[in-house]
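**Student:** Read off the chains here:
Protein chains: 2
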Amino acid sequence: MVKAESVSVNDSASAVSLDGVRDALIRLEDTIVFSLIERAQYPINSAMYDESAGLVAGQRGSLIKFFMKRTEALQAEAGRYESEEENAFFPDCLPCSLVPSRRSTSVLHPVAKMVNINKDIWDVYINRLLPLFAAQGDDGNYALAAASDLTCLQAISRRIHYGKFVAEAKFLDDSQEYTRLIRARDRNGLMKLLTVEAVEKMVKLRVEKKAETFGQEVTLDPINNGSGNYKIDPLVVARLYEEWLIPLTKEVEVEYLLRRLD
Amino acid sequence: MVKAESVSVNDSASAVSLDGVRDALIRLEDTIVFSLIERAQYPINSAMYDESAGLVAGQRGSLIKFFMKRTEALQAEAGRYESEEENAFFPDCLPCSLVPSRRSTSVLHPVAKMVNINKDIWDVYINRLLPLFAAQGDDGNYALAAASDLTCLQAISRRIHYGKFVAEAKFLDDSQEYTRLIRARDRNGLMKLLTVEAVEKMVKLRVEKKAETFGQEVTLDPINNGSGNYKIDPLVVARLYEEWLIPLTKEVEVEYLLRRLD
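If you're matching them up, the sequences are chains A and B in order.
By UniProt numbering, the letter at position 225 of the first sequence is numbered 225, and the numbering carries on one by one without gaps.
By UniProt numbering, the letter at position 136 of the second sequence is numbered 136, and the numbering carries on one by one without gaps.
Any given hint could turn out to be false.
Unchecked claim - Examples of chain B residues lying across from chain A (beta carbon under 8 Å, computed): (1) F34; (2) S52; (3) V56; (4) L98; (5) L205.
Unchecked claim - Computed footprint of chain A on chain B; a stretch qualifies when at least three of its residues, placed anywhere within it, have a C-beta under 8 Å from a C-beta of chain A: (6) 37-49; (7) 132-143.
Just so you know, these hints were derived from the structure itself, not from any lab.
Ideal Cβ placement from N, Cα and C applies to all residues, glycine included.
Okay, chain A solo, but in the shape it has when bound (with noise of 0.2 Å):
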């Protein structure tokens, strides 16, 4: 997403380093690819996103709600969202660290805060990406796939909130032509300045190409190893990024462009 090449960034300490954030989103890659091919373990079990499958006894709403919920109110206790790389799908009902915070200088804009597009991504992740990469069927092993959707769910998150710290080292590297824009208002003018499709193109073969090297089977045979068997097809990894991962951190960069002047 980021040329870090091309820029160069106020270089104190509590500024963005776009090299920092190039680096987080290459290695976020292995962590979503992981992910995923570990979710594709499970059949979709579809009974678990269904609201009124009263899947949970003495609850409303879907099972992967409950489990979502309760597990984000358990990791707020020990501090995940204090830091500001995370965003809860479920934020208004969080209870107060128990840990001692450990927050740094702040590098975004305090309007951060209010970016948040996890109900999207909620959406899109089981409505579009489950069943792209989930085989069809239902083997009950609930509790198991929950938590894995609770894996990719966090690390596709945290990779398109990153957003945020993209723009802001986007912002700092050319300030003046980005205020002109975001006092314009200008939506599509932002999201064609922020964007570099070479470097997006980049982004989705090497997933591509992780999806490949991280979902081989690997045998101790050197004839049948790597023989083209994959826990997860590399192309659907690749269009994951294409039409969902990759818009959803650019639409994160605008909404936190266009407050930033706030």
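Model the placement of chain B on the given structure of chain A, informed by the hints.
**Tutor:** Then chain B, alone, in the frame of chain A:
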């Protein structure tokens, strides 16, 4: 661990399939290597494991225990421990499942429930394994590191307790000899009978190769790719299997077998 080629098992639906057990263990290697690579992103963060650090307001004990106990309670409600393949680290304080049981015919002897060596796994993981693959230091990123520990611990525990299924399959394959050794309470004889050194060697080599494959830096640069920078040292992963995962799995096998005729 299981030499599937050399055995033939009772074919009925309720019997353990050795091929199935072997495939599950091989697939679990990927999960374990992924989880170790993910945990290796964070430094060791020793304060998390310190029983007297008082890191969680209003709670006694370490942050990791707080996090594990609470997560296990939630996952128990989602039905995780209804499965014979899962063993809790803190089984004494688990709520009932709120999700309708999908329990199929049990394939293990009822004594399987009594075999749980998670206390040993906990100690080994925190005191022996973590220091081998997590860097020194403290980045305060406790909530994410704890979630990674949880994934590692659950995957390693699942692998080691799969020993029950291995043992059941081996027992069914050679009931006469196993029965003789069990009645004689011959621990050493059992350990010898269930050990296949050639298979253990193969497992170690394969997990080393998996750590190389999954932990490499995947880039689009054909020259720098796989340049020998690994996210976790492949030899350390082989050592984890050799010194702890394989021996503890066999310990579970022996413990299960010693109760198999009760």
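**Student:** State the violated hints by number, sorted upward, taking the hints as numbered earlier in the document.
**Tutor:** 2
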